[in-house]
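Okay, here's what each chain looks like letter by letter:
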Amino acid sequence: MSSKNLRTWVKTIIFYEILVGMKATLSHLLHYKPITIQYPHEKRTLPDGYRGMLALLRYGDGTEKCVGCDLCEAACPSRVIKVVSAEVPGEPTKRYAKEYYMDMTRCLFCGLCVDACPVDALGMTREYEWAVYDKRQLHLNKQQLLAIGDRSFPIREKNLELQHPNVAFFNVAFQHMPPKEQ
Amino acid sequence: MTEVGIKLAFTLAQIAVVMGVVLLTVMVLTLAERKVLGWMQDRMGPMEVGPYGILQPIADGLKLFFKEDIIPAGANKFLFSLAPILAFVPAVIGFAVIPFGPGNTVEIFGVEIKPFVISDINIGILYILAFTSIGAYGIILGGWASNSKYSLLGGLRAAAQVISYELNVGLAIVGVLLLAGSLSLVKITEAQCCWIWNWFVIGVEPGGWVPITQVFAFVVYVISAVAETNRVPFDLPEAESELVAGFFTEYSGMRFAFFFLAEYANMVLVSCIAAILFLGGWNAPAPFLQLSGNLMWISGLFWFTAKVYFFLFLFFWLRATLPRLRYDQLMRFGWKVMLPIALANIVLTSLAAYFFPRG
Chain A
37 MSSKNLRTWV
47 KTIIFYEILV
57 GMKATLSHLL
67 HYKPITIQYP
77 HEKRTLPDGY
87 RGMLALLRYG
97 DGTEKCVGCD
107 LCEAACPSRV
117 IKVVSAEVPG
127 EPTKRYAKEY
137 YMDMTRCLFC
147 GLCVDACPVD
157 ALGMTREYEW
167 AVYDKRQLHL
177 NKQQLLAIGD
187 RSFPIREKNL
197 ELQHPNVAFF
207 NVAFQHMPPK
217 EQ
Chain B
461 MTEVGIKLAF
471 TLAQIAVVMG
481 VVLLTVMVLT
491 LAERKVLGWM
501 QDRMGPMEVG
511 PYGILQPIAD
521 GLKLFFKEDI
531 IPAGANKFLF
541 SLAPILAFVP
551 AVIGFAVIPF
561 GPGNTVEIFG
571 VEIKPFVISD
581 INIGILYILA
591 FTSIGAYGII
601 LGGWASNSKY
611 SLLGGLRAAA
621 QVISYELNVG
631 LAIVGVLLLA
641 GSLSLVKITE
651 AQCCWIWNWF
661 VIGVEPGGWV
671 PITQVFAFVV
681 YVISAVAETN
691 RVPFDLPEAE
701 SELVAGFFTE
711 YSGMRFAFFF
721 LAEYANMVLV
731 SCIAAILFLG
741 GWNAPAPFLQ
751 LSGNLMWISG
761 LFWFTAKVYF
771 FLFLFFWLRA
781 TLPRLRYDQL
791 MRFGWKVMLP
801 IALANIVLTS
811 LAAYFFPRG
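Protein chains in written order, with the numbering used here: chain A, 37 to 218; chain B, 461 to 819.
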């Protein structure tokens with residue numbers, strides 16, 4: 037029997053491989069550093085650019101940014117969004133979203149609608165705890181989406197240099213407008 | 461009459477204490493297993509119920525107690541109900557002959573009583589082997605009576621596995637019985653007094669110098685004991701990745717709890733037997749580590765508990781480390797590796813005991 041064979045034989049009869057494995061588990065027991073995060077009690081920090089719940093945004097004066105262009109609906113790969121566009125009353129050149137629905141059961145949080153929006157009217161918040169008992173609670177209307185935006189973005193205005201070029205145009209255009217809700 | 465009455469009362473008290481301790485140990489074990497397993501895998505284990513999750517066994521017990529008791533359609537109702545009992549009773553009945561502490565007698569109201577062993581019968585180890593074999597019936601019948609393919613496969617695997625490995629358990633302890641010259645667990649323990657090298661795993665005769673080591677039998681016994689209790693890496697009867705839960709797939713509520721208790725009580729039982737047969741039971745590694753006189757039972761209980769818990773930790777440790785064996789590997793290992801080693805151990809021990817006769 038060659039010495040290599042002998043070595044393998046000795047390793048077999050003393051369960052060498054198993055002992056190595058047991059040493060590994062024991063060392064993890066002795067140097068106990070859990071990677072668990074006790075989720076409801078402690079939450080992990082979210083990365084920058086986290087794509088959470090979608091929301092509709094407002095301008096600083098409280099007017100909705102959305103102009104009802106339907107580009108988000110076109111961009112959405114899962115057909116989450118439904119926009120019903122209408123003229124702003126008494127202002128035939130301006131349009132807004134009369135109704136705006138999102139079926140969040142289908143949303144895959146890709147962010148394409150946010151990219152598609154020419155006026156930055158859509159935003160992705162950092163909310164993710166949206167588990168509900170009734171699926172119908174995830175069919176959101178415009179008021180709910182605006183409410184999410186209001187609570188997630190209390191400071192409404194972005195820095196002007198970070199805004200889409202179109203925003204400045206529409207923002208200027210809306211400066212003199214009365215709030216649409218009336 | 462009074463003598464019998466006192467004996468009966470004392471035995472009943474002993475049974476109550478032992479049952480309580482065993483079930484308490486099982487309760488602790490269910491938590492300890494999840495904790496140790498978690499720590500070894502860089503997790504925390506149960507953390508929600510009570511501080512650091514220490515009340516988890518109580519929560520589990522309550523949950524199982526209030527669960528619906530389902531008997532699947534087409535199941536054999538009688539055997540389905542009988543199987544958990546058949547699994548549980550043999551697991552706890554074995555503790556009747558386990559000496560937990562020193563075997564000396566005390567006199568209470570003029571009756572000689574051994575306080576730390578319920579019944580020191582002279583065929584103790586045979587009694588345990590016989591009853592653990594009955595435990596296999598519980599598993600097989602439970603698997604068959606459930607009317608489910610997973611349960612049946614689990615039961616069949618358990619049948620083949622338990623038979624193969626019980627043989628190895630029986631042969632592995634023969635060497636110890638040869639050296640001790642007795643089947644009584646108290647006598648076997650007393651034959652291993654008083655130093656660490658007098659334990660049968662090393663096997664030097666008290667006052668002698670020839671080591672008739674039983675370390676191979678010890679390894680065979682421990683591996684076979686793991687297989688016999690259906691624990692990882694020999695958990696084929698309940699292989700969760702293949703058979704859902706094996707033989708107790710269809711069980712729920714308290715019936716499931718009985719199978720669960722049986723498994724853990726079996727673990728404690730085989731750990732006790734391993735500690736008694738190979739690691740000297742209540743004997744300390746050195747005489748000065750054992751308290752003298754009337755206080756001996758305290759250190760005796762301590763050493764016994766320490767040894768048993770070492771084996772229980774080994775069970776968890778193996779579970780955290782090893783994956784499950786394949787069925788053919790299991791059989792080949794049992795019949796072509798363990799069995800020849802156990803047989804060779806008997807032959808060599810007999811020869812050694814013949815040429816170097818003990819006391």
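Heads up, some of the hints might be wrong.
Said to hold, decoys possible - Pairwise CB distance ranges, derived in the manner of DEER restraints: (1) 39/A to 700/B: 37 to 45 Å; (2) 773/B to 164/A: 18 to 26 Å; (3) 530/B to 146/A: 50 to 58 Å; (4) 471/B to 80/A: 32 to 40 Å; (5) 519/B to 113/A: 28 to 36 Å; (6) 747/B to 50/A: 26 to 34 Å; (7) 773/B to 80/A: 31 to 39 Å; (8) 522/B to 163/A: 29 to 37 Å; (9) 179/A to 519/B: 49 to 57 Å; (10) 171/A to 484/B: 26 to 34 Å; (11) 666/B to 75/A: 20 to 28 Å; (12) 171/A to 519/B: 28 to 36 Å.
Stated by the list, open to error - In silico PhoX-like cross-links for lysine-lysine, where the CA-CA straight-line distance does not exceed 20 Å: (13) 69/A to 47/A; (14) 495/B to 59/A; (15) 69/A to 574/B; (16) 118/A to 171/A; (17) 69/A to 59/A; (18) 796/B to 47/A; (19) 609/B to 537/B; (20) 467/B to 609/B; (21) 47/A to 59/A.
Unchecked claim - Here are some of the chain A residues that sit facing chain B, going by a computed Cβ distance under 10 Å: (22) 57; (23) 60; (24) 61; (25) 65; (26) 70; (27) 71; (28) 161; (29) 164.
Think of the hints as simulated: they come from the structure by calculation, not from any bench. Source: prediction; values computed, not measured. Cβ coordinates follow ideal geometry from the N, Cα and C atoms, glycine included.
Hint-by-hint comparison with the structure:
1. Distance hint for residue 39/A and residue 700/B: a CB-CB separation of about 43 Å, consistent with the stated range 37 to 45 Å.
2. One distance hint, 18 to 26 Å for the beta-carbon pair residue 773/B and residue 164/A, is violated here, with the actual separation near 40 Å.
3. For the hinted restraint 50 to 58 Å between residue 530/B and residue 146/A, the CB-CB distance of approximately 44 Å leaves it violated.
4. A hinted range of 32 to 40 Å is violated for the C-beta pair residue 471/B and residue 80/A, which are about 58 Å apart.
5. With their beta carbons about 44 Å apart, residue 519/B and residue 113/A fall outside the hinted range of 28 to 36 Å.
6. For residue 747/B and residue 50/A, the Cβ-Cβ distance of about 31 Å falls inside the hinted range of 26 to 34 Å, so the restraint holds.
7. Separated by about 33 Å at the C-beta atoms, residue 773/B and residue 80/A satisfy the suggested range of 31 to 39 Å.
8. Checked against the hint of 29 to 37 Å, the pair residue 522/B and residue 163/A passes, with Cβ atoms roughly 35 Å apart.
9. At about 42 Å, the beta-carbon gap between residue 179/A and residue 519/B misses the expected band of 49 to 57 Å.
10. Our hint of 26 to 34 Å for residue 171/A and residue 484/B is violated, since their Cβ atoms are close to 46 Å apart.
11. For the pair residue 666/B and residue 75/A, the beta carbons lie near 58 Å from each other, so the given range of 20 to 28 Å is not met.
12. The beta-carbon spacing between residue 171/A and residue 519/B, approximately 30 Å, falls within the hinted interval of 28 to 36 Å.
13. This hinted pair does not check out: residue 69/A and residue 47/A have alpha carbons roughly 31 Å apart, beyond 20 Å.
14. The suggested pairing of residue 495/B with residue 59/A holds, with an alpha-carbon distance near 18 Å, which does not exceed 20 Å.
15. A distance of roughly 47 Å separates the Cα atoms of residue 69/A and residue 574/B; the hinted pair therefore is violated under the 20 Å criterion.
16. With a C-alpha separation of about 18 Å, the suggested pairing of residue 118/A with residue 171/A holds against the 20 Å cut-off.
17. Taking the CA atoms of residue 69/A and residue 59/A, the gap is about 16 Å. The hint holds against a cut of 20 Å.
18. Distance restraint check for residue 796/B and residue 47/A: the Cα-Cα separation of roughly 18 Å lies within the 20 Å cut-off, and the hinted pair is therefore satisfied.
19. Pair hint residue 609/B plus residue 537/B holds up; C-alpha atoms about 17 Å apart against a cutoff of 20 Å.
20. For a cut-off of 20 Å, the pair hint linking residue 467/B to residue 609/B is broken: about 49 Å separates their Cα positions.
21. For the hint pairing residue 47/A with residue 59/A, the CA-to-CA distance comes to about 15 Å; that is within 20 Å, so the pair holds.
22. Checking residue 57/A against chain B: minimum C-beta separation of about 5 Å stays under 10 Å; hint holds.
23. For residue 60/A, the shortest C-beta to C-beta distance to chain B is roughly 7 Å, which falls under 10 Å, so the interface hint holds.
24. Interface hint status for residue 61/A: upheld, as the beta-carbon distance to the closest one in chain B is roughly 4 Å, under 10 Å.
25. Hint on residue 65/A holds. Least Cβ distance to chain B is approximately 5 Å, under the 10 Å limit.
26. Because the smallest distance between the Cβ of residue 70/A and any Cβ of chain B comes to about 5 Å, under 10 Å, the interface hint for this residue holds.
27. Hint status for residue 71/A relative to chain B: holds, with the closest Cβ pair at about 5 Å, below 10 Å.
28. Of the supplied interface hints, the one on residue 161/A is violated, with its beta-carbon coming no nearer than about 29 Å to a beta-carbon of chain B, more than 10 Å.
29. For residue 164/A, the suggested interface contact is broken, since its CB lies about 21 Å from the closest CB of chain B, more than 10 Å.
Violated hints, listed in ascending order, are 2, 3, 4, 5, 9, 10, 11, 13, 15, 20, 28 and 29; each of the other numbered hints is respected by the structure.
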